[in-house]
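One-letter residues, chain by chain:
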Amino acid sequence: MTHLALTDISKVYAGTTVVQDFNLEVNKGEFVSFLGPSGCGKTTTLRMIAGFEIPTTGRVMLDDADITDKAPNQRNVGMVFQAYALFPNMTVAQNIGFGMQIHKESKEAIKQRVEEMLALIHLETKGNSFPSQLSGGQQQRVALARALANRPQVLLLDEPLSALDAKIRVSLRQEIRSIQKKLGITAIYVTHDQEEALSISDRIVVMSGGKMEQVGTPFQIYNFPETAFVANFVGTLNTVKAEVVDPAKKLLRMDGVQLEAAEGLDGKGKGDEVTLAIRPERITFASVEEKANIFDCTIENITFLGSIVRIQVLAGSNKFFLDTFNNPFLELPKIGAKEQISCSKEAVLILK
Amino acid sequence: MKKRGHIWAWVIFAIGIVYFFLPLLATFLFSLKARLGVLSFQAYENVLRDPAFVRSFSYSVLWATLTIIFGILLFVPTAYWVRLRVPQARTAVEFITLLPFVVPAIVYVFGLVRTYSHPPLLIVNSPFLLVAAYTVLSMPYMYRAIDTGLRAIDVRTLTEAAQSLGANWPTILFRIILPNIRVAILNGAFLSFAIVIGEYILAQYLAKPAFGPYMAVQGQNKAYEPAALAIISFGLTWASMGIIDAFGRGRGQGATIAGGH
Amino acid sequence: MTQLEAVKRDALKARPAYHKMSWAWLGVMPFFLFAFLFLIYPASTIVIRTFQDSHTQALTLKNIIGLNTPFIKTAYWVSIKISVVTALGGGIFGFFLAYSAVRGGLPSFMRGSLMTFSGVASNFAGVPLAFAFLALLSPAGVLTGWLKDIGLNPYDHGFTLYTFWGLSIVYMFFQFPLMVLIITPAIDGLRREWLEASENLGATSFQYWRYVALPILLPSLLGTMILLFGNAFGAYATAFALTGGQITLVTIVIGAQLRGDILNDPGLGYSMAFGMVIVMALAITGYTILQRRTERWLR
Numbered sequence: 001m002t003h004l005a006l007t008d009i010s011k012v013y014a015g016t017t018v019v020q021d022f023n024l025e026v027n028k029g030e031f032v033s034f035l036g037p038s039g040c041g042k043t044t045t046l047r048m049i050a051g052f053e054i055p056t057t058g059r060v061m062l063d064d065a066d067i068t069d070k071a072p073n074q075r076n077v078g079m080v081f082q083a084y085a086l087f088p089n090m091t092v093a094q095n096i097g098f099g100m101q102i103h104k105e106s107k108e109a110i111k112q113r114v115e116e117m118l119a120l121i122h123l124e125t126k127g128n129s130f131p132s133q134l135s136g137g138q139q140q141r142v143a144l145a146r147a148l149a150n151r152p153q154v155l156l157l158d159e160p161l162s163a164l165d166a167k168i169r170v171s172l173r174q175e176i177r178s179i180q181k182k183l184g185i186t187a188i189y190v191t192h193d194q195e196e197a198l199s200i201s202d203r204i205v206v207m208s209g210g211k212m213e214q215v216g217t218p219f220q221i222y223n224f225p226e227t228a229f230v231a232n233f234v235g236t237l238n239t240v241k242a243e244v245v246d247p248a249k250k251l252l253r254m255d256g257v258q259l260e261a262a263e264g265l266d267g268k269g270k271g272d273e274v275t276l277a278i279r280p281e282r283i284t285f286a287s288v289e290e291k292a293n294i295f296d297c298t299i300e301n302i303t304f305l306g307s308i309v310r311i312q313v314l315a316g317s318n319k320f321f322l323d324t325f326n327n328p329f330l331e332l333p334k335i336g337a338k339e340q341i342s343c344s345k346e347a348v349l350i351l352k
Numbered sequence: 001m002k003k004r005g006h007i008w009a010w011v012i013f014a015i016g017i018v019y020f021f022l023p024l025l026a027t028f029l030f031s032l033k034a035r036l037g038v039l040s041f042q043a044y045e046n047v048l049r050d051p052a053f054v055r056s057f058s059y060s061v062l063w064a065t066l067t068i069i070f071g072i073l074l075f076v077p078t079a080y081w082v083r084l085r086v087p088q089a090r091t092a093v094e095f096i097t098l099l100p101f102v103v104p105a106i107v108y109v110f111g112l113v114r115t116y117s118h119p120p121l122l123i124v125n126s127p128f129l130l131v132a133a134y135t136v137l138s139m140p141y142m143y144r145a146i147d148t149g150l151r152a153i154d155v156r157t158l159t160e161a162a163q164s165l166g167a168n169w170p171t172i173l174f175r176i177i178l179p180n181i182r183v184a185i186l187n188g189a190f191l192s193f194a195i196v197i198g199e200y201i202l203a204q205y206l207a208k209p210a211f212g213p214y215m216a217v218q219g220q221n222k223a224y225e226p227a228a229l230a231i232i233s234f235g236l237t238w239a240s241m242g243i244i245d246a247f248g249r250g251r252g253q254g255a256t257i258a259g260g261h
Numbered sequence: 001m002t003q004l005e006a007v008k009r010d011a012l013k014a015r016p017a018y019h020k021m022s023w024a025w026l027g028v029m030p031f032f033l034f035a036f037l038f039l040i041y042p043a044s045t046i047v048i049r050t051f052q053d054s055h056t057q058a059l060t061l062k063n064i065i066g067l068n069t070p071f072i073k074t075a076y077w078v079s080i081k082i083s084v085v086t087a088l089g090g091g092i093f094g095f096f097l098a099y100s101a102v103r104g105g106l107p108s109f110m111r112g113s114l115m116t117f118s119g120v121a122s123n124f125a126g127v128p129l130a131f132a133f134l135a136l137l138s139p140a141g142v143l144t145g146w147l148k149d150i151g152l153n154p155y156d157h158g159f160t161l162y163t164f165w166g167l168s169i170v171y172m173f174f175q176f177p178l179m180v181l182i183i184t185p186a187i188d189g190l191r192r193e194w195l196e197a198s199e200n201l202g203a204t205s206f207q208y209w210r211y212v213a214l215p216i217l218l219p220s221l222l223g224t225m226i227l228l229f230g231n232a233f234g235a236y237a238t239a240f241a242l243t244g245g246q247i248t249l250v251t252i253v254i255g256a257q258l259r260g261d262i263l264n265d266p267g268l269g270y271s272m273a274f275g276m277v278i279v280m281a282l283a284i285t286g287y288t289i290l291q292r293r294t295e296r297w298l299r
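Chains as they are written, first to last, in the numbering used here: chain S, 1 to 352; chain B, 1 to 261; chain Z, 1 to 299.
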C-alpha cells in the first residue's frame, strides 16, 4: 500500500525551475533511491519531503495525511545528512536520545532505546564518546541511529556516504540496507553513485535537470534504459546513430552494416534516425555460428581493469567498447588486429 | 524556524542603528551651530584655519608615517625570517606581539616614562621614543597583517627560486617578498595610521604636540569646534577602514581594539 | 675508498648545524632587541619597582599592601564594575546584533554594512567619542535639547553624563562593535545542518537554542566578553575626555600619578599599574582557554 506519495511536485527558485513534474508512490518498507548528477534536483526533492523546502506546486502525503505544509519538526521523518550533523557538544548517547528527550519520554525509555540503537549500529562501547572522537564511518552510523531512535515513519538519507572512504562506503551501505530491512522502515536514499543505488535499492528514480527520467528496479534501469540519459548515466554504454531501414522487420543500417533489433522501433518510419545503445558486456567476438549483427573492426586499445578487460575497437566510423571477463589463460587479440564482433538483437536498445 | 526576516532581527537592528547614529547625528548637528541662529560650517572653517590644527595634524600624520615605515622595516624581515629559518622563535615572537593587549596604553606609558626619564636613559623627549612607542602600540596589528600576508604566499619556494637565480637577501626581500605582500602591508599600515592619528595617551604623556592632545585641549576651551573635530576624526577613520576594505580585508579580525581609548 | 664511502664521509663532515642556527637567530635579533628595549624592559620596570621601596630600593611588599586604601579600592572597584557592566551589556546586545545580521534573514547588504561600521566604530574611541556623546547628551546637547522641547529634561531627573552610567553608555559604542566583529565568525560556524537535524528530530527553535546552539556558542561568548572586559578595564582617554578626570578609575588614577604624585607615594603608582597588568593577564588567559574550546567545536 502506498505509504509516501509525492504528487505533481515542483520547486522554483527565483525564476529557475529546480524540480518539476515529480510523481512517486512509495510502498511501506520500500527502499527507493534518487539517482542523478549534481544539480538534478534529487536533494531538493528529499528536502521537500523533510520539510526544509516547501514545494511550489504539488503535495506530499505520508500515510494518507497531507504533510506538505507541516513544519519540519512536526513531520516525524528521520533525516541523515551528508555531513553527519551530530551535535558536537553532546555525547553519542545524548545525540541519539535527543529526539526522545524533545518528546519528553522517560529517562528509562530513552536509556533503553539508546542501548538498542547502539547495539543496532555495533557501537555499544561508544555511548559516552563525543563525535569528534569517532571516525567518519562511526559518526554516520551514530547519525543513522539518532534518526531511527525517534521511530520515524520514513527515513531520508542525503548522500550519507559521500564523505567517506571507498571501502567504508561499500560496507556501510550494506549495513544501512540490512538495518532498513530489519526495521521494515520506508527509506528514500539520495546519491550520485550509481553502483550504490543499484546495489541496495528496491527501486531507483533516475533524475536529470529537475525531471524524472525513469523509475524502475535496478535490473530494469540497467538493462532496459528508456532514455539516452539513463543509459549513459547508469553503467557504461556504447551509443551510436543508425538509420531505420524497415521498422516492421526491425532492421537498421549503421555505417553501411545491417543491424537487427528485437524491439523498440514502434512509431519510427523508414529513414528515421535513431540512437541505439549496446552494453559493452553484450558485445562479443563473433563465433563462426553467428549470423546476425556482425561487424568488422580493428582493435584499438586494451585496458586491464582487474576482473574485466575492456577492449576498444573501431568498426567503420564508430568506436565500441566491449567488456570481457579476465581470464589469465585466454589470449587476447593484438592491437591493430582485424576481428569480427557481434551482439544479439536483444542487446540492441533503442533510446528515446 | 522560518528565515524570511524575523521581526526581532529588524527590531534589534533598528535599536542598533538608533544607538549608533544618534550620537553621530547629534555631533554633526552640534558642529553646525557655531554661528548663532543659523546652521553653517563655521566650526569646520575655524578648525581647518586654526594653525594649531594644521600643526598637530601634520605632526601626527608625519609620525604615523614614520611609524609605519619603521614597522615595515622591522617586522617584514622578522616575520620572513621566523617563517623561513627560525620557526622555533615563533611562539616567543607571537607572545611578544600580543603583549600590547595585556598592557593597557596608560600602564605602558607609565612604564615608559618612568624608565626613560632618568639618566642615563634620558630619552623620554626624543622623537625616536615616540616612533618606538607607536610601533609597539600598532605591533599586534602590523605584525599580524604582515604574517598573514606571508602565510598566503609560499615563502620558501619563492626564496629558493630567487636564490637559484642568484639573488641575495636584500634583493629577495625587497624585490620579491615585499611586492607580494603589498596588500597585507597596506592593511596593517592603514590600521596603524588610524590608531596613531587618534592616539591620545602616549602623545599626552610624552608631551608631544600631536593631534590627540590638540583635540583634548579644544574640548576644554571651545564649544562647537570639538564636535567638528569629532566628525573629521570619524570621517578619517571611516576612510582608512574603507581603503582597507577596498583592498580586501582578508582574515576577519583586522580592525578590533585600538590604542588610545 | 669507493665513491659511495667518500660521499658518506663528506656528509658526516657537513654537520656544523649549530653554526647555521646561531647565524639564523641573528636575523630576529633586531626584533627581540626592539621588544626588549621598548616593551619588556619598561613593563618589567613596573613589576620590579612594585616590589621596591621608592626611596630605599629595598625589596618590600608595602606598595602592594598600600593598595588597600579606600581611595584605591574604590578605583579598582569602579573600574571592575564598569568593565563587567559594559562587557555583559556589550556582549549580550552585540551578540543579538551579530546574530540578526547573520541569521536573522535580513537583506544581505546589512551584514556587510554592519561589519564595516563595526570596524570603524570599534576604533572610534577616546577623545572624539567623548565629544560625540557630549554633543548628544551634555546639558547643551542636541538630544537634551530635543527632550527639553517635549518637556522631558533628563537632567531634572538626576541624569548626568559624567557618571558611571553615563560612561557605560559611551563605552558601549566600542563594545558592541567589538563583540559583533569577534562573535560573527563563531555564528558562521554554527552549521545549518545542526539546526535542520534538531528540527528534524522534533525540536522547536527554543529547544534548538537551549540544547544545541547556546551550549556550542557559550565558550565563544564568554571568551569574547572577557575580551570586552579587558578592553573596558584598560580604557583611559574616553573616560578622561568625558569626565575631565573626575571619575575614579584605575587608569585615571595612574594617569594622574604621572602628572604629579597624587598618591603621596610614587611606589603606589607602580603597584596600581602592576595590579592592572595582572587583571589583564588573567583576562587574556581566560580568553585563550575558552578560545581553544571554541575551536574544537566550531572549526
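Treat the hints as calculated values from the structure; they're not laboratory data. Keep in mind that the hints are not guaranteed to be accurate.
Covered, in the sense of this in silico footprint (three residues per stretch, anywhere, with C-beta under 8 Å from a C-beta of chain Z), are these stretches of chain B [said to hold, decoys possible]: (1) 50-63; (2) 98-105.
Heads up, simulated SDA-like pairs for lysine to any residue below, C-alpha to C-alpha not over 20 Å straight-line [as the list claims (entries may be wrong)]: (3) Lys107(S) / Arg210(Z); (4) Lys70(S) / Thr204(Z); (5) Lys70(S) / Met110(Z); (6) Lys111(S) / Gly202(Z); (7) Lys250(S) / Asn232(S); (8) Lys104(S) / Thr204(Z); (9) Lys33(B) / Thr204(Z); (10) Lys104(S) / Ser205(Z); (11) Lys104(S) / Leu147(Z); (12) Lys70(S) / Leu147(Z); (13) Lys33(B) / Tyr211(Z); (14) Lys208(B) / Leu258(Z); (15) Lys148(Z) / Leu29(B).
Values in this document were obtained by computation on a predicted structure and should not be read as measured data. Where is the CB? At the ideal position from N, CA and C, for every residue including glycine.
>> Quick check: do three or more residues in the stretch 98-105 of chain B have a beta carbon closer than 8 Å to a beta carbon of chain Z?
In response: holds (count 8)
> Has the given pair, Lys208(B) with Leu258(Z), been kept, meaning a C-alpha gap of at most 20 Å?
Replying inline: 15 Å, holds
> Taken at face value, is the distance from the CA of Asn232(S) to the CA of Lys250(S) at most 20 Å?
Replying inline: 23 Å, violated
> Does Met110(Z) lie within 20 Å of Lys70(S) when you go C-alpha to C-alpha?
Replying inline: It is violated: about 31 Å lies between the C-alpha atoms, which goes past 20 Å.
>> Can you confirm whether the C-alpha distance between Lys70(S) and Thr204(Z) stays at or below 20 Å?
In response: At roughly 13 Å apart (the allowed maximum being 20 Å), Thr204(Z) and Lys70(S) satisfy the hint.
>> When I compare C-beta atoms, does the stretch 50-63 of chain B have three or more residues closer than 8 Å to chain Z?
In response: violated (count 0)
>> Please verify whether Lys104(S) and Leu147(Z) have alpha carbons no more than 20 Å apart.
In response: 52 Å, violated
> Between Lys33(B) and Thr204(Z), is the straight-line Cα distance small enough, at 20 Å or below?
Replying inline: 54 Å, violated
>> Just to be careful, I want the Cα atoms of Lys107(S) and Arg210(Z) compared with a cutoff of 20 Å; is the pair within it?
In response: Holds - the C-alpha atoms of Arg210(Z) and Lys107(S) are around 19 Å apart, at most 20 Å.
> Lys104(S) and Thr204(Z): Cα distance at most 20 Å?
Replying inline: OK: Lys104(S) and Thr204(Z) at ~13 Å, within 20 Å.
>> Hint check: Lys33(B) vs Tyr211(Z), CA-CA at most 20 Å. Holds or violated?
In response: 54 Å, violated
> Taken at face value, is the distance from the CA of Leu29(B) to the CA of Lys148(Z) at most 20 Å?
Replying inline: Holds, because 17 Å separates the two Cα atoms, which is no more than 20 Å.
Comparing the model with each numbered hint stated earlier shows that hints 1, 5, 7, 9, 11, 12 and 13 do not hold.
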